[in-house]
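Under the numbering used here, the first residue of the sequence shown carries the number 1, and numbering increases by one thereafter.
Because the hints were derived from the structure by calculation, they are not lab data. Treat the hints with care, as some may be off.
Under the rule of at most 20 Å between Cα atoms (straight-line distance), these lysine to aspartate or glutamate pairs were calculated in the EDC-like manner [claimed, not checked]:
id	residue 1	residue 2
1	Lys43	Asp121
2	Lys180	Asp65
3	Lys180	Glu134
4	Lys3	Asp104
5	Lys180	Asp133
6	Lys3	Asp146
7	Lys3	Asp65
8	Lys3	Glu162
9	Lys3	Asp133
10	Lys43	Glu162
11	Lys153	Glu134
12	Lys153	Asp13
13	Lys180	Glu162
14	Lys3	Asp112
15	Lys43	Asp65
16	Lys3	Asp22
17	Lys153	Asp112
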Amino acid sequence: MAKLLYSATMSLDGFIAGPGGDMHWMARLPDTGPHEVADGLWKQIGSLLVGAHTYGGDDPNAGTDAEGAFGGLWSGPQFVLTHNPPARPVPGVTFVTDLRTGVDAALAAAGDRYTNVLGADVAAQCLQAGLLDEILVFVAPVLLGDGTPLFRKAGGTFAELEEISSATGPSPAIWYRVRK
């Protein structure tokens, strides 16, 4: 059965994108060699649930062989949560206007693999609705100072997390289960 996973690379000061959604800082990270968690993650993903800003946003690998999800390694069904679906269909992308509809469709499409959430706003909505199962954070050795935080909820929210695993190195990875 599929699970809903929010995975993101975050700066040490808590941002997943720089000011204005800038993602070019990701392309400037030094190559630290093999990473036991990151290198195989894309194989565990069966579908994507993507926010509209992320879908139409900045790909640090645009125009290269690494363009797209997981450095261009992943392909499969994508479900984009948006208030303004395009008039024309986009191959491989389903636009949905309701969170629950998008989550259900993405989980069904993922089979026995993860549905990966891309976008802080959609992840916060999933967490608030009690739908998010796991969170995987890679901590990049940079400071951005401003931008899109890993999570933001007006008025705050409290979510208890339980560590599943962690990996050390230049970009530590911490995998959590969301306690419900």
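Okay, the hints, checked on the actual structure:
1. Lys43 with Asp121: violated (24 Å)
2. Lys180 with Asp65: Violated. Lys180 to Asp65 sits at ~39 Å, over the 20 Å cutoff.
3. Lys180 with Glu134: Status holds; Cα separation ~11 Å.
4. Lys3 with Asp104: At roughly 11 Å apart (the allowed maximum being 20 Å), Asp104 and Lys3 satisfy the hint.
5. Lys180 with Asp133: Roughly 8 Å between the alpha carbons, so the hint for Lys180 and Asp133 holds.
6. Lys3 with Asp146: violated (31 Å)
7. Lys3 with Asp65: violated (29 Å)
8. Lys3 with Glu162: holds (16 Å)
9. Lys3 with Asp133: holds (6 Å)
10. Lys43 with Glu162: violated (23 Å)
11. Lys153 with Glu134: Holds - the C-alpha atoms of Glu134 and Lys153 are around 18 Å apart, at most 20 Å.
12. Lys153 with Asp13: holds (17 Å)
13. Lys180 with Glu162: The hint holds at about 10 Å.
14. Lys3 with Asp112: holds (8 Å)
15. Lys43 with Asp65: Distance of about 18 Å is within 20 Å: holds.
16. Lys3 with Asp22: violated (28 Å)
17. Lys153 with Asp112: Since the Cα atoms of Lys153 and Asp112 sit roughly 30 Å apart, the hinted pair is violated (cutoff 20 Å).
In this structure, the hints that do not hold are numbers 1, 2, 6, 7, 10, 16 and 17, in rising order.
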